[in-house]
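Enquirer: Sequence:
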Amino acid sequence: MDDGRDFSAGELAAIRRDFPALERIGRGGHPIIYLDSSATAQKPMCVLESEVDFYTSSNGAVHRNTHLLGDEATAAFEDARTKVAGFVGGKSEEIVWTKNATEALNLVAASIGNASQNQPGSEMAISPGDKIVVTRAEHHSNLVPWQQLAARTGAKLDWLDLTPEGRIDLSTLERITEDTRVVAFTHASNVTGAVSPVEQVVEKARSVGALVVLDTCQSAAHVPVDVSNLGVDFAVFSSHKMLGPTGVGALWGKADLLEKLPPFLTGGSVVADVTMESTRFLPPPAKFEAGSQPVAQAVGWAVALDYLSELGMDRVEAHENRITEYLLDGITNLEGVRLLGPSDRAERTGAVSFVVEGVHPHDVGQVLDSYDVAVRVGHHCAIPLHRFFGVKSSSRASVSLTTTTEEIDAFLDALVKVQEYFGGPK
186 MDDGRDFSAG ELAAIRRDFP ALERIGRGGH PIIYLDSSAT AQKPMCVLES
236 EVDFYTSSNG AVHRNTHLLG DEATAAFEDA RTKVAGFVGG KSEEIVWTKN
286 ATEALNLVAA SIGNASQNQP GSEMAISPGD KIVVTRAEHH SNLVPWQQLA
336 ARTGAKLDWL DLTPEGRIDL STLERITEDT RVVAFTHASN VTGAVSPVEQ
386 VVEKARSVGA LVVLDTCQSA AHVPVDVSNL GVDFAVFSSH KMLGPTGVGA
436 LWGKADLLEK LPPFLTGGSV VADVTMESTR FLPPPAKFEA GSQPVAQAVG
486 WAVALDYLSE LGMDRVEAHE NRITEYLLDG ITNLEGVRLL GPSDRAERTG
536 AVSFVVEGVH PHDVGQVLDS YDVAVRVGHH CAIPLHRFFG VKSSSRASVS
586 LTTTTEEIDA FLDALVKVQE YFGGPK
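Residue numbers (my numbering): 186 to 611.
Among the clues, some could well be false.
[What the hints assert, rightly or not] Below 25 Å or equal to it, Euclidean Cα-Cα: the simulated SDA-like pairs (lysine to any residue) are: (1) 611 x 578; (2) 445 x 431; (3) 577 x 527; (4) 268 x 300; (5) 602 x 217; (6) 611 x 601; (7) 611 x 576; (8) 341 x 284; (9) 268 x 411; (10) 445 x 309; (11) 341 x 312; (12) 268 x 245; (13) 341 x 360; (14) 268 x 230; (15) 611 x 542; (16) 284 x 245; (17) 445 x 304; (18) 439 x 500; (19) 341 x 313; (20) 284 x 568; (21) 611 x 521; (22) 577 x 597; (23) 577 x 497; (24) 341 x 383; (25) 341 x 445; (26) 445 x 336; (27) 439 x 562; (28) 602 x 511; (29) 445 x 300; (30) 276 x 263; (31) 268 x 284; (32) 445 x 577; (33) 268 x 415; (34) 268 x 201; (35) 577 x 354; (36) 445 x 312; (37) 284 x 247; (38) 268 x 495; (39) 268 x 497.
Hints in this document: simulated from the structure, not taken from any laboratory.
I would like the entire structure built from these sequences, with the hints used as guidance.
Expert: Structure representation (structure tokens):
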């Protein structure tokens, strides 16, 4: 099914029938138009059923039993790891389970901090005078952990700035200097939808020997992602944004780098041997997976990735590109509505944030909800980026593989009603 074509009307209708949440009736008495997939994606029935199946037939603790259920749970858990690795172009031993992408980013930052404290001078350590570079487009999950690491190590935090449309300003790549040890940036902004120039950033980071960390939270469910082709050292993934369950995410890292990183969390399941005085840890990925793991969630995530693979990520991308262009045309043609981010679809994904002049985003969201349109409102965990645009908050409509042009039409009609309710375009 993966031939790069948009879905036909019949195919899209069939896909939508897989998502029971899309039949939910909203406060206005109609099926909810869900334009909030950038916050969390709705789940196909096969994912929901996979979690029930696991708990009813194979539930057991992984990596610590010899009975049937324990063996089946362990096999399902490791099969899921292999599935995630295959979906992103990695190897199973390079996938570390985490609770979410935020924890994965914290894992890298905190482990580098541990290396800096316990292994000064090592390849993974950072020292006072070194530099960590992010971008002004980051959401808090890919900013705050690096701020904390800088404070912990004495390193300097710097950032790449943005063009007026919110794209990374390549003229600021010069801020990645010889003393830069880490460059962390988003693949696509959760506010502007702007796609980062990965190749140029990676090339500059490589020229100074810096580690590269990529946040794919807003890309991996929407476009094909292959970590080996992207050329990064670490990448983080979020299950619940990829049609999978909440409570599980993953860190992908190059095997040699994971080997050199010290553990983040410690306790059970991460040790090869323990004395009363010291601990010898298992090799990665096990040394980063302390305690009970999100087994049913990992199994469900693997089913979600099977579902996406069956549809074809090229076709998902083609469909979302068409819907995003349709949405952008509608938004930019509305008087009194300001788009945050590039207006050119080719430069962005389908996370479309906007400001209705003279109306607070919470009021926008509440009135839209009365017409059964679900959008995100607030600062989207990206306060610095909103400050860049001179606003405190915005509304965001985000498209997905299930979004139809009829839903976008209904959203735009409802947005006009928002303006009318508050006295017309300002």
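Enquirer: Does residue 312 lie within 25 Å of residue 341 when you go C-alpha to C-alpha?
Expert: holds (10 Å)
Enquirer: For the pair supplied as a hint, residue 268 and residue 284, confirm whether the alpha-carbon distance does not exceed 25 Å.
Expert: Measuring from Cα to Cα gives roughly 17 Å; hence the hint holds.
Enquirer: Between residue 439 and residue 500, is the straight-line Cα distance small enough, at 25 Å or below?
Expert: violated (29 Å)
Enquirer: Hey, residue 268 versus residue 230, does the alpha-carbon distance stay inside 25 Å?
Expert: holds (19 Å)
Enquirer: Given the hint that residue 445 pairs with residue 577, does the C-alpha gap stay at or below 25 Å?
Expert: Not OK: residue 445 and residue 577 at ~41 Å, beyond 25 Å, violated.
Enquirer: If you draw a straight line from the CA of residue 341 to the CA of residue 284, is it 25 Å or shorter?
Expert: Violated: residue 341 and residue 284 sit about 28 Å apart, past 25 Å.
Enquirer: Residue 268 and residue 300: Cα distance at most 25 Å?
Expert: violated (30 Å)
Enquirer: For residue 268 and residue 497, compute the direct alpha-carbon distance and say whether it is at most 25 Å.
Expert: holds (15 Å)
Enquirer: For the pair we were handed, residue 445 and residue 336, check the Cα-Cα distance against 25 Å.
Expert: Holds, because 22 Å separates the two Cα atoms, which is no more than 25 Å.
Enquirer: Holds or violated: are the alpha carbons of residue 268 and residue 415 at most 25 Å from each other?
Expert: Roughly 19 Å between the alpha carbons, so the hint for residue 268 and residue 415 holds.
Enquirer: Residue 577 and residue 497 were given as a pair; does the straight-line alpha-carbon distance stay at or below 25 Å?
Expert: Outside the cut-off at roughly 38 Å; violated.
Enquirer: Does residue 445 lie within 25 Å of residue 341 when you go C-alpha to C-alpha?
Expert: holds (23 Å)
Checked against the numbered hints above, the structure violates hints 2, 4, 8, 18, 23, 27 and 32; every other hint is satisfied.
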